Each structure stands twice: as structure tokens, then as C-alpha cells.
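Asks: What follows is the residue order along each chain.
Protein chains: 2
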Amino acid sequence: MGRKTDDSAGGPRMNIETALPSGLLPLTRLGGAHVADTVEFLNGKTPEEAAEFVSRLPPDWAVEVMDQPPFAWASEMLEMLPADKAVAILEGMSTDRAADVLRWVDPEIHATLSARLTPEARNAIEHLLTYPEDSAGSLMTTEMVTVPSTWTVGQTLDHIRAVERTRETIYAIYVLDPATKRLQNIVTLRRLISGDPAAPIASVAQPYAPITTTPMANREDVARLIAKYDLLAIPVVDSTGHLIGICTFDDVIDAMIEEQTEDVQRMGGMEAIDEPYMQISFTEMIKKRAGWLCILFVSEMFTASAMQVFSDELEKAIVLALFVPLVMSSGGNSGSQATSLIIRALALRQVQLKDWFRVALREIPTGMMLGGILGVLGMIRIMVWQGLGLFDYGPHWQLLAITIASALVGIVTFGSLAGSMLPFILKRVGFDPASASAPFVATLVDVTGLMIYFSVAYLILKGTIL
Amino acid sequence: MGRKTDDSAGGPRMNIETALPSGLLPLTRLGGAHVADTVEFLNGKTPEEAAEFVSRLPPDWAVEVMDQPPFAWASEMLEMLPADKAVAILEGMSTDRAADVLRWVDPEIHATLSARLTPEARNAIEHLLTYPEDSAGSLMTTEMVTVPSTWTVGQTLDHIRAVERTRETIYAIYVLDPATKRLQNIVTLRRLISGDPAAPIASVAQPYAPITTTPMANREDVARLIAKYDLLAIPVVDSTGHLIGICTFDDVIDAMIEEQTEDVQRMGGMEAIDEPYMQISFTEMIKKRAGWLCILFVSEMFTASAMQVFSDELEKAIVLALFVPLVMSSGGNSGSQATSLIIRALALRQVQLKDWFRVALREIPTGMMLGGILGVLGMIRIMVWQGLGLFDYGPHWQLLAITIASALVGIVTFGSLAGSMLPFILKRVGFDPASASAPFVATLVDVTGLMIYFSVAYLILKGTIL
Chain A
192 MGRKTDDSAG
202 GPRMNIETAL
212 PSGLLPLTRL
222 GGAHVADTVE
232 FLNGKTPEEA
242 AEFVSRLPPD
252 WAVEVMDQPP
262 FAWASEMLEM
272 LPADKAVAIL
282 EGMSTDRAAD
292 VLRWVDPEIH
302 ATLSARLTPE
312 ARNAIEHLLT
322 YPEDSAGSLM
332 TTEMVTVPST
342 WTVGQTLDHI
352 RAVERTRETI
362 YAIYVLDPAT
372 KRLQNIVTLR
382 RLISGDPAAP
392 IASVAQPYAP
402 ITTTPMANRE
412 DVARLIAKYD
422 LLAIPVVDST
432 GHLIGICTFD
442 DVIDAMIEEQ
452 TEDVQRMGGM
462 EAIDEPYMQI
472 SFTEMIKKRA
482 GWLCILFVSE
492 MFTASAMQVF
502 SDELEKAIVL
512 ALFVPLVMSS
522 GGNSGSQATS
532 LIIRALALRQ
542 VQLKDWFRVA
552 LREIPTGMML
562 GGILGVLGMI
572 RIMVWQGLGL
582 FDYGPHWQLL
592 AITIASALVG
602 IVTFGSLAGS
612 MLPFILKRVG
622 FDPASASAPF
632 VATLVDVTGL
642 MIYFSVAYLI
652 LKGTIL
Chain B
192 MGRKTDDSAG
202 GPRMNIETAL
212 PSGLLPLTRL
222 GGAHVADTVE
232 FLNGKTPEEA
242 AEFVSRLPPD
252 WAVEVMDQPP
262 FAWASEMLEM
272 LPADKAVAIL
282 EGMSTDRAAD
292 VLRWVDPEIH
302 ATLSARLTPE
312 ARNAIEHLLT
322 YPEDSAGSLM
332 TTEMVTVPST
342 WTVGQTLDHI
352 RAVERTRETI
362 YAIYVLDPAT
372 KRLQNIVTLR
382 RLISGDPAAP
392 IASVAQPYAP
402 ITTTPMANRE
412 DVARLIAKYD
422 LLAIPVVDST
432 GHLIGICTFD
442 DVIDAMIEEQ
452 TEDVQRMGGM
462 EAIDEPYMQI
472 SFTEMIKKRA
482 GWLCILFVSE
492 MFTASAMQVF
502 SDELEKAIVL
512 ALFVPLVMSS
522 GGNSGSQATS
532 LIIRALALRQ
542 VQLKDWFRVA
552 LREIPTGMML
562 GGILGVLGMI
572 RIMVWQGLGL
582 FDYGPHWQLL
592 AITIASALVG
602 IVTFGSLAGS
612 MLPFILKRVG
622 FDPASASAPF
632 VATLVDVTGL
642 MIYFSVAYLI
652 LKGTIL
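Protein chains in written order, with my numbering: chain A, 192 to 657; chain B, 192 to 657.
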């Protein structure tokens with residue numbers, strides 16, 4: 192977005208000092224900083240401080256800063272800066288980034304600013320805003336180079352030289368059918384400059400149909416295509432085959448980083464947060480975390496119910512209670528391993544939905560093996576403690592050891608199976624598989640784990656200590 | 192790596208059919224497939240099938256396939272193909288990818304093949320192999336465009352046209368000091384083509400010192416720089432300031448995807464695996480998962496010890512045992528939330544090691560609040576069950592409810608604190624913070640959680656049911 196992706200250092204350095212609100216920060220830290228460093232610095236400040244800072248920047252520098260997607264306070268800036276300044280900045284920003292930022296601005300302010308934009312800018316921005324967030328449409332820029340297929344290599348080069356400064360990338364040139372205006376094929380600048388100026392543009396075009404995406408495609412799929420085919424940019428075409436914009440690799444890298452953050456946070460068992468950790472407010476933080484925590488807590492209450500069902504057995508053999516946490520957690524751990532494996536396998540398209548059964552057939556023996564290993568460790572533990580007299584597990588301690596071991600095999604197997612199936616189920620019903628957090632899996636497995644544990648105990652210990 | 196990053200569709204399509212081992216796969220699936228699709232397809236086959244397939248490809252197509260980093264069987268190919276064919280392919284591949292692939296080839300075969308390479312190729316490849324895996328040195332390509340600062344814009348353009356086909360990217364041109372051969376600055380192709388052919392190259396160069404990295408920098412840092420400054424490629428310079436290679440954005444995207452997979456798997460509580468899920472062998476899978484599972488299991492044994500310490504209390508008040516899983520899991524869940532938050536905050540440089548105290552000061556109140564919310568839910572549960580006569584928690588059920596609630600506040604607070612500090616500790620001692628898996632955190636918190644639970648119970652219930 193915004194930033195000229197092809198300037199190998201991402202925009203001019205700015206001499207911050209001249210623009211520095213006195214006392215706001217040590218000059219030394221920002222003297223001649225790169226715009227990306229400035230953004231990193233401002234993200235660590237409050238929106239108010241950032242606004243004071245940006246308002247003192249020369250217009251073109253302010254635009255540079257606002258054009259950086261990592262800048263966390265861009266929307267706040269538009270709300271805080273005087274309208275005329277905000278409008279001037281919006282006009283200067285790349286349309287895709289401007290739309291992105293306006294998306295989060297207070298509706299009223301949004302309307303006022305939008306009304307004062309030039310018709311061209313307003314239409315371009317409002318059009319991008321019609322696409323859902325995180326869609327290719329919202330990621331794309333409309334500032335690309337297009338030429339009719341009737342042009343020559345020389346004509347195209349001249350055209351590029353003329354428009355270079357107003358385009359986000361010029362390394363891919365999009366050749367349109369002069370009649371239908373549909374995207375015909377793509378010419379890369381490297382082929383273009385090595386071509387014969389008099390030759391028709393088609394002579395240097397790629398010999399195959401361009402790889403494209405649609406405005407409604409989500410950013411993960413766009414990222415996958417860019418990564419898979421090593422594209423500098425991917426053209427976005429509408430249903431009629433007309434080119435409506437391009438997504439550049441740098442937008443996609445930013446999208447990938449955001450996506451990764453969201454995934455990790457979801458996998459941690461919470462809602463994804465947009466703001467930097469240090470900036471998010473206390474109430475916001477509670478909101479994002481309490482929801483899942485409560486859901487997990489309420490579901491986990493079934494463990495209490497399960498324990499209640501077996502409370503008589505517990506009365507008789509309190510020793511069974513001692514191993515509840517140990518046995519139960521093993522199911523959750525193996526489940527969390529299986530889940531993380533499948534989440535990535537699905538994301539990398541190594542497995543498809545239809546492979547769920549093959550996966551199940553892999554996880555069951557794996558789980559049994561892993562459960563067996565833990566079972567042996569568990570038995571050893573009991574033997575050693577009993578042997579060394581560290582604790583007395585009662586006259587039937589051998590049976591107890593066997594109970595623990597068998598329960599572990601069952602629980603770890605069930606954990607691996609449940610953990611591996613959960614991402615499939617989530618994907619099937621239209622959720623992001625990455626929402627299958629370790630706590631989520633653990634909770635699912637805990638109740639069943641207890642059931643397995645007590646049932647096994649009942650079978651093995653009935654008539655002795657039960 | 193390998194692939195021309197600037198050809199907007201990543202290499203020629205290949206008509207696979209002609210090269211198809213009969214019966215290996217339905218022709219329809221690969222007819223005229225893009226090389227990236229071919230790779231995706233081959234990754235789903237066994238190495239043997241892939242070798243049979245590649246051996247039938249025309250040499251230049253075989254090189255195309257082998258040059259794709261996502262191709263999982265590249266090293267196996269070199270081991271399985273006849274030496275002359277393997278050598279021919281290596282010569283055709285880009286040096287950085289060739290080195291990458293050879294890294295995993297059986298040492299003997301590696302030696303034989305290397306011996307048969309042209310001296311230039313051998314030296315280039317073996318040199319890259321001296322850099323550790325996942326370092327900038329191992330990611331970089333040596334196929335970039337360099338010109339002395341004494342050249343004109345026109346000279347440079349002519350040079351580029353001449354060498355274009357042998358370079359991985361020509362969109363950044365590296366200007367060297369003619370005397371010292373040190374990297375002086377960078378010219379982007381877009382500025383070059385819009386410059387005056389007669390003007391000196393310096394006239395279109397970037398007006399500031401280039402952003403560079405070192406061969407020993409790890410790939411995450413390279414990715415961060417490329418993403419932060421929107422670079423097409425980042426120059427790798429040695430300690431003397433000489434340019435020894437460049438890392439291109441597509442290598443970095445691939446590295447980011449690999450990195451993400453490793454992080455997710457580590458966060459799931461296992462060792463990262465390289466092969467696709469469906470390809471990895473059973474024993475390999477067990478190896479990768481059993482290690483952590485056993486470590487967690489053995490640590491979790493302390494819960495059994497903790498329970499043993501309190502077994503007298505349990506004897507007296509079996510009702511306490513019923514809530515052990517519920518209360519314990521809450522600590523793990525809040526801990527896993529905090530951990531995932533901090534893992535990303537560290538990765539995105541939103542927080543530094545030195546911020547650990549500020550983070551702790553945020554997590555403690557957050558944890559108390561969250562624990563309070565869960566505590567209320569817990570009390571409601573007990574009141575309702577008691578009230579509706581679903582279960583009898585005994586005459587002192589009110590005290591029990593208070594015990595559960597207070598324990599939850601303590602445990603969730605401790606969980607959030609421990610979970611948020613763990614990534615800092617791991618980073619401090621030089622581990623990847625992403626190794627702080629949810630199961631790891633849960634295990635850490637479980638034992639302490641039990642202690643807190645029983646201590647609170649002792650304080651509140653002493654003299655009544657204890």
C-alpha cells in the first residue's frame with residue numbers, strides 16, 4: 192500500500208528534528224530517521240503525541256508517514272488533525288492506503304473529509320471502501336501501468352517514463368485489449384527494456400494467460416498466490432475480465448504479518464487484537480480475553496460434573512484423584528500438537544478437507560504410540576515412588592500403575608484424534624482453522640479424558656480398591 | 192531463491208504430458224501446468240515417483256522444478272538421479288538454491304557431484320554452504336547487477352540489457368566504489384530508466400546510505416528489514432563493506448512461511464517438522480512429538496506430588512477434588528493467552544526485553560480482573576447446583592464457593608503473569624520465544640495452581656470441612 196514498493200529503501204529519509212515538538216522526545220533518537228523508523232517510534236507514543244508530531248511535519252513528510260500501513264494511529268490522525276490538513280494528506284496518500292485508513296475513522300468525520308476531497312480522489316477511495324476488509328479489493332492499488340496491446344515496446348517505455356512517479360509499481364505492465372479493455376497479458380519491465388523498441392509490445396509479453404485474483408478473494412489466498420508464483424504484483428480482475436487494480440508483494444508481506452499475529456493470538460485462546468500490546472486499553476484487553484476464557488471455563492465445568500459422577504469411586508480410592516491432573520493434561524498436550532500440525536497443513540494446502548479420514552488414520556496409531564510411551568513413564572513413576580517408599584499407593588499399587596498406563600494410551604489417542612479433527616470441523620463450518628486454540632482443544636479433551644480415566648479405573652480396579 | 196522474482200508469473204509453463212511416466216497420474220491434472228503447480232503435485236508423490244518424473248523432463252524443465260524452494264524432494268532427486276543428469280541440473284540451478292539443496296544431500300554423493308561441477312559453480316556453491324542454515328548468507332543469491340560509480344545511466348542500461356537473463360533481479364542495481372569495490376549506493380531500475388542516459392549513475396542513485404544486512408543475520412531479521420522498508424531485495428555486505436550477495440523478497444516470503452509453520456508447531460508443543468504432514472514417516476512423527484510430550488508429562492508429575500501433599504485434606508473434603516481440573520485449567524488458559532500476546536509483541540518489536548516489568552504491571556491487574564470474572568461464574572455454578580439440588584456440596588457450600596472464587600483470582604493472575612514472562616525468559620536465555628507453547632505454559636502453571644488452590648482452601652475451610 193502507498194509506499195513505492197520498488198524504491199529499494201522505501202521512501203525518503205526525513206530530518207525529524209525540524210518537525211520535532213520540543214521536549215516530546217530526544218532529538219538524537221530521530222535525527223535523519225527513515226520513515227519506517229519514524230512510524231515505529233510514533234507507534235510507541237499516544238495518538239495525541241503522534242498528532243502533535245505529524246501536524247508539525249512538512250505536508251509531503253506527513254503523507255509519507257500516513258502512507259505506512261504499520262502506522263497504528265493513522266485513523267486517529269485524520270480525526271485529530273484540522274480538516275484542511277487531513278484532506279490535504281488524504282489527497283497525497285495512495286488511494287488504497289487512504290481507503291484503509293478512512294475505514295476506521297468516525298463516520299461523521301469520514302463524511303466531512305470525504306466531501307472536501309476532489310471528485311476523482313473521493314470516487315476512487317469510496318469505491319475501494321465498498322470491498323470487505325482483508326479482501327483483495329481492499330488491499331489493491333489502482334495505480335498501475337496499463338497499455339493497449341497495439342503499442343510498441345518503445346511507446347510503452349516512453350509512457351512509463353512519463354507516468355513513473357504516479358504509479359505504485361512499474362515493474363509489471365498490464366496489456367489491455369484495445370477493443371474490450373480486458374486484461375490480455377503481462378509484460379515485465381525486465382523483458383521490456385531488453386526488447387526491440389520498434390517491436391509490438393506483444394513480442395515481449397509473457398506467453399501464457401496471466402495469473403489473476405478477484406476483488407472478493409481474501410488476503411490469505413492473495414498471499415498464497417504471490418508466494419507460490421513469486422509475483423511482484425497480482426492483477427485483480429472483475430467478473431468481466433477487466434483489470435480493476437493490483438496487489439503488490441509488499442502489501443502482501445504486511446498482510447501475512449498481520450495474519451500471523453491474529454493466528455498466534457487465536458491459537459493462544461483469545462480474540463485477535465489490532466493495536467500494539469502496549470497501546471491497547473485495559474478494558475479492550477479484558478474484552479478480547481474474557482470472552483474465550485469464560486467459554487472455556489463454562490465448558491470445563493463439565494469436568495466438575497464428571498468428577499461428581501465418579502465421586503463415590505473417589506471416596507473409596509482417593510488415590511485416583513492424585514493422578515487426575517497428570518492424566519488429563521496429557522490428552523490436552525497431544526491434542527494441541529495434532530491441532531497445530533493440521534492448522535499449518537491446511538494453511539499450506541498440504542491436506543484438503545477431504546483428507547480428514549487419512550489424517551485420522553495417521554493420528555490414531557501415532558496417539559497410541561505416544562500414549563504408550565507416557566504410560567510406561569507413568570508406571571515407572573508409581574513403581575519408583577512405591578519402591579522408595581516416597582508415597583504409599585496402597586496394596587494394589589501395581590493395578591493402579593496399570594490403570595494409569597492404560598488410561599494414558601486411551602486419552603492420548605483420543606487427544607491426538609480430536610485435536611487433528613477439530614481444524615477440519617472448523618474449516619468445514621466456515622471458521623478459520625487457526626481458531627482451534629490449544630486451550631480449546633484441551634478443554635474438549637479434558638472431560639472425555641476424565642471419563643476414559645475413571646472407566647478404565649472401574650474396569651481394572653473393580654473388586655479391589657473400587 | 193532460483194526463480195526470477197521479477198517475471199510476474201514465476202517461470203514458464205511446462206507441458207507435462209510429454210514428460211509423464213505413463214500411469215503415474217491422470218494427464219488432465221497436469222496438462223500445461225505452471226511449474227509451481229507441478230511442484231505442489233510432486234510434493235504429494237513419493238521421492239521415487241518424483242525422481243521418475245523429473246528424470247523424464249527436458250533438462251531446462253527439470254532445472255525449473257528443482258529451482259523451486261517449495262519442492263520437497265529436491266535433495267532426494269540429486270541422490271536418485273544419474274550423476275551426469277544431477278550435475279547438469281545443478282549447473283543450471285541458481286547457486287543459492289543449489290547450495291540449499293546440496294546441504295541435505297548424502298555427503299558422499301554431495302562430494303561426487305561437487306567434484307564434477309565446473310570450478311566456478313563449485314566455488315560459488317561451496318562458499319554459500321559455509322553459511323549456517325537460515326542465515327542471510329544461505330538465503331542470498333550472488334546473481335545481482337553491480338556497476339562502478341563511474342558509469343553513466345546509459346552504460347548501466349546497456350549492461351543490464353546484456354546480463355538480464357543471467358541475473359535473479361535487475362530491479363535494484365548496486366553501485367560500487369571503483370577503487371575499494373565497496374557498496375556505495377543503490378539505483379532502482381525505475382529511476383534508472385527515467386534518468387538521462389548521459390548523466391552519471393550517481394544522479395539517479397538513492398540519496399542515502401543503503402539499508403544492508405550481514406551474511407550471519409538470521410532470516411527473521413532479514414524478513415523484518417524487507418517488510419519494514421518494502422525492499423525488493425536487501426544487499427548482504429561483509430564486515431569490510433563489500434557486497435557479497437542479495438536476498439530477494441520472494442526468498443523472504445518463503446522464509447516467512449516456513450518460519451510461521453515452525454512457530455505454530457512449536458507453540459503446539461512439539462518440534463518443528465520440515466516435510467509436509469502427509470509425507471513425514473511414522474517414526475519421524477513420533478520423534479518430533481514424543482520429546483516435548485515426555486518433558487511435559489514428567490513436569491506435570493509434580494501435580495501428583497502436590498496432590499499427595501494435600502491428600503489428607505482431600506480425604507476429609509473429597510469435594511475439593513471435584514474442582515481441581517476446572518480451577519487448574521483456568522490458569523493454563525489465561526497463561527496461554529498472555530504467552531501468545533507477548534510472543535507476537537516481541538516478534539513485531541512492540542516490546543523489548545527491557546519492557547518485561549511494564550508488561551508484568553499490565554498482566555497482574557488484567558489477570559486479577561479475568562480471575563474475578565471466572566470466580567463469579569464459579570460461585571454461580573455452585574449456588575445453582577446446590578440450589579437446584581443437582582449436587583450436594585455439603586453444609587459449608589458457601590465457603591466452598593468462596594474458596595473456588597478466591598483460588599481462581601489467584602491462579603488466573605499467576606497464570607497471566609507466568610505466561611507473559613515466559614517468552615521474555617526464553618528470549619533472554621537465547622531461545623526462540625515461540626517455543627513457549629501453550630502446553631508448556633499450562634504445565635508450568637498447573638503445579639503452582641494446585642498449591643494456590645489447596646492453600647486458599649486450607650485458609651478458608653480450616654475448622655469447617657478441613
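Calculated directly from the structure, the hints in this document are not laboratory data. Quantities reported herein were computed from a predicted structural model and do not represent experimental measurements. Be a bit skeptical, because a hint or two may be false.
[Unchecked claim] Away from chain A, derived, C-beta distances all over 12 Å, residues of chain B:
(1) Ala274
(2) His301
(3) Ala418
(4) Lys419
(5) Ala481
[Stated by the list, open to error] Where chain B lies over chain A, by a calculated footprint (3+ residues, C-beta under 8 Å):
(6) 291 to 302
(7) 472 to 485
We treat Cβ as the ideally placed atom computed from N, Cα and C, and that holds for glycine.
Asks: Each of the hints needs a verdict: does it hold here or not?
Replies: Verification of the hints:
Residue-level check passed: B/Ala274 sits 30 Å from the nearest beta carbon of chain A, beyond 12 Å. Non-interface status of B/His301 relative to chain A is upheld: no Cβ of that chain comes within 12 Å, the nearest being about 27 Å off. The beta carbon of B/Ala418 sits about 5 Å from the closest Cβ of chain A, which is not more than 12 Å, so the claim that it is off the interface is violated. Interface exclusion of B/Lys419 from chain A breaks down, the closest Cβ pair being 5 Å apart, not more than 12 Å.
Against the 12 Å criterion, B/Ala481 falls within the reach of chain A, whose nearest CB is about 5 Å from its own CB. Look at the stretch 291 to 302 of chain A against chain B: 0 of its residues bring a Cβ nearer than 8 Å to a Cβ of that chain, fewer than three, so the hint is violated. Coverage of the stretch 472 to 485 of chain A by chain B holds in this model, with 8 residues showing a Cβ closer than 8 Å to a Cβ of that chain against a need of three.
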